[in-house]
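Trainee: Single-letter residue listing:
2 protein chains.
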Amino acid sequence: MYQDISLEQAWQLLQEHGPALRHEVVSTADALGRTLLKTLYAGHDLPPEPQSAVDGYALAENHHTDHSSYQLAIGGLPEALEKGQAVPVNTGGVLPRGTVAVIPHEKVIGEGQHLRLLSNIKMGDNIKGAGEDFARNDILLSAGTQIDPAALGLLAALGISEVEVFQRPRVAIMCLADNVVPSGIEPRSGQMRDSNSPMLSGFISQQGGIVTTVHYAYNNETSMKNVLETLCSQNELVLLVGGTYQGGENASRLLMEDVGAQILFWGVPIQPGSHTGAGKLGNTLLLSLSGNPAACAVNYHLYAAPVIRGLQGLPRHYRQVIARCSNGLPKRTGSRRFVRGKATWQDSGWEVEVLPGQKPSMLRSWLGCNALIDLPPGSGPIEAGEEVQVMLLHEYADFTRVYGRSIHG
Amino acid sequence: MYQDISLEQAWQLLQEHGPALRHEVVSTADALGRTLLKTLYAGHDLPPEPQSAVDGYALAENHHTDHSSYQLAIGGLPEALEKGQAVPVNTGGVLPRGTVAVIPHEKVIGEGQHLRLLSNIKMGDNIKGAGEDFARNDILLSAGTQIDPAALGLLAALGISEVEVFQRPRVAIMCLADNVVPSGIEPRSGQMRDSNSPMLSGFISQQGGIVTTVHYAYNNETSMKNVLETLCSQNELVLLVGGTYQGGENASRLLMEDVGAQILFWGVPIQPGSHTGAGKLGNTLLLSLSGNPAACAVNYHLYAAPVIRGLQGLPRHYRQVIARCSNGLPKRTGSRRFVRGKATWQDSGWEVEVLPGQKPSMLRSWLGCNALIDLPPGSGPIEAGEEVQVMLLHEYADFTRVYGRSIHG
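Those protein sequences? They're chains G and U, same order as listed. Here the first sequence is numbered in this note's numbering, starting from 498 and rising by one per residue. Here the second sequence is numbered in this note's numbering, starting from 498 and rising by one per residue.
Okay, chain G solo, but in the shape it has when bound (with noise of 0.2 Å):
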């Protein structure tokens, strides 16, 4: 077990320990946003015979002493065109043999049962050369490529119906304040609505985790002991949340215990939300996260996110790049110290504006926000201008290199 670790090595203790992952097969329907197991590869030409680009006429060889008039082949499409001879086919259509370009409708004029070519066409134009998208065997899509809509045209162009895919991660939500209540309760004085299930719910969805359950400890008479035994055994991701120094103890730290959960790591420096900790139960892993709605959501993004994502076969992390702080920031930071930005994109490049309400229990600072800045321990305060490390939390990355010049050693 590790104490007062940095981000870093937290990462790395929870790739380490990441549950086993799993797969099923999908209908391509259900394939949006999922990704492959496998690297596929086509079973055929794609497309499997020469094909008419454009709606238009085949043209086959043509001797006449006036290259631009070919004669309409009668009788619907012939096996073969005969020189000199043309015949009108559809996008997609096959060729008669002996084609060798097509025209667009628009680019000829009909005189009777004589075509005249308005513009020059050279062999081969607007035909489909058997293969010439995909050749058989030709890698599709590569193992660990997320689906998206062009791979589900390129799928159903190949007549793949169903695809092997890793499973949605299955996440449990605790809230173990019982001074907590659910939607739907009217909070009396002294309680407080729950605010971080919805928001948690939402990110993980975002991230194409699956919440399965939310637990209250609020009015509980089952044994909390009981109920993470249960939930373990039916998800790969356990998220306690609040409850992280109830009585002076640690709630959620002791609950680990209880079930006989592994503590991989507990308490690491970041403001807010530092005291966090990780376990492992069989093949789940365990997240205690702080009760305070902004610590929450950062601390979902630094510690459940990249399990999520991981979980699915996906790039981890963040991106990270250089930008400039449009506003700064007056306080002095005694930890390493995420605040919630928005980042944009500037003619000069990234900047960033800090949110306001960056008290950890304010839910303001996460209105508009798509960018953590990590401001280093001791830093600060931050001037207007100045140049600070974002985490982008719309973009991944495989590795945690910062984009831009670094403004860290």
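Worth flagging that the hints you see were computed from the coordinates, not collected in a lab. Quick caveat, the model's predicted, so the values are computed rather than measured. There's no promise every hint is true.
In this list, chains with the same sequence are indistinguishable; a pair is considered to hold if it fits within one copy or across any two.
Calculated pairs, DSBU-like style, for lysine-lysine (alpha carbon to alpha carbon, straight line, at most 30 Å) [unchecked claim]: (1) K722 with K604; (2) K777 with K604; (3) K839 with K777; (4) K535 with K722; (5) K722 with K777; (6) K828 with K619; (7) K856 with K619; (8) K580 with K619; (9) K828 with K535.
Starting from the known structure of chain G, arrange chain U on it as the hints suggest.
Mentor: Quick look at chain U alone, frame taken from chain G:
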């Protein structure tokens, strides 16, 4: 009706003739990604009363000689603290009258009925003031905000369980080419599997639309006119795919005219996919897209995406930046051309790679594509390292300004 207009004129016409926006009330549990119709205000202070920001001890004023020593109040939380008293409180818990600060558990040592502070504490420390996050009547979320996980958290904190949002636009797809067969049907020679509808469905769903119907002209005995009339009565947008030059006539345009649609424009001289157009019938927009897969996807992003975004009250257009082209493009461009690329932010700024397989019929150029390179007419060849204008397909803007040094006049 406008013939052969610029892309920007087409955008203008699509915006002017956009279908009326529809709205509905949804549970916050279903509100992720939806856009707020009206500005929401805080119904009460958040937090509603002063609360502890940490798990620790509420401290009264202290006039003892040793200001770091407090006496623990006995018998649970009192209504008021007396001078020199302290009492345990949880995060979010109410504070007894007379509380001047809260100290976290880890910064005290208990000595029987006494408490000794291990660090200095200032008046107001670790107390959340009533309304410090949001005061009653503060704006919570403005009209037009797309609801993200943090907004879900905020709504939950205020006990808001339903919100009024723009409806998701209903989109129908009609495949007009009679040699395109739907998934599950083995194509015969001269027939092609439909890759356009699965790809379009993926794009539409990613951008918040709902695909209600995919109709195939293939093997169809229903009158296309009747089908289109029905689809127009049930959708805000109908995409007519392919059949743009069927038999020398524009099947898509003839069909629009057949149902009595007002043709808004026809033909936009861009590559790929210049034979496009738009019509309006009642409250429905009709868009004609190329049947060639790569051109179809370009057409979708240029014409359909802004309509689908606009129908949700979202910024309509893709963000445009100037990027360094890493590999170049040997070909000269006739018309304005949209080349599929992969854009990444590098140390030196935006970089874009021209993807392989740029024929309009080829899907290959769409694999990994996240950007369209917008080449002006008569430009090229593009040298490696040259600057080009790029539309980023995952970022949106309210207007079509180009970020970075403009390379066009």
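Trainee: All hints are to be evaluated individually against the structure, with a verdict given for each.
Mentor: Okay, the hints, checked on the actual structure:
no., hint, verdict
1, K722 with K604, "between (77 Å within a copy, 28 Å between copies)"
2, K777 with K604, "between (69 Å within a copy, 29 Å between copies)"
3, K839 with K777, "neither (34 Å within a copy, 39 Å between copies)"
4, K535 with K722, "neither (39 Å within a copy, 44 Å between copies)"
5, K722 with K777, "within (15 Å within a copy, 62 Å between copies)"
6, K828 with K619, "between (70 Å within a copy, 16 Å between copies)"
7, K856 with K619, "between (69 Å within a copy, 16 Å between copies)"
8, K580 with K619, "within (16 Å within a copy, 97 Å between copies)"
9, K828 with K535, "neither (50 Å within a copy, 35 Å between copies)"
Comparing the model with each numbered hint stated earlier shows that hints 3, 4, 9 do not hold.
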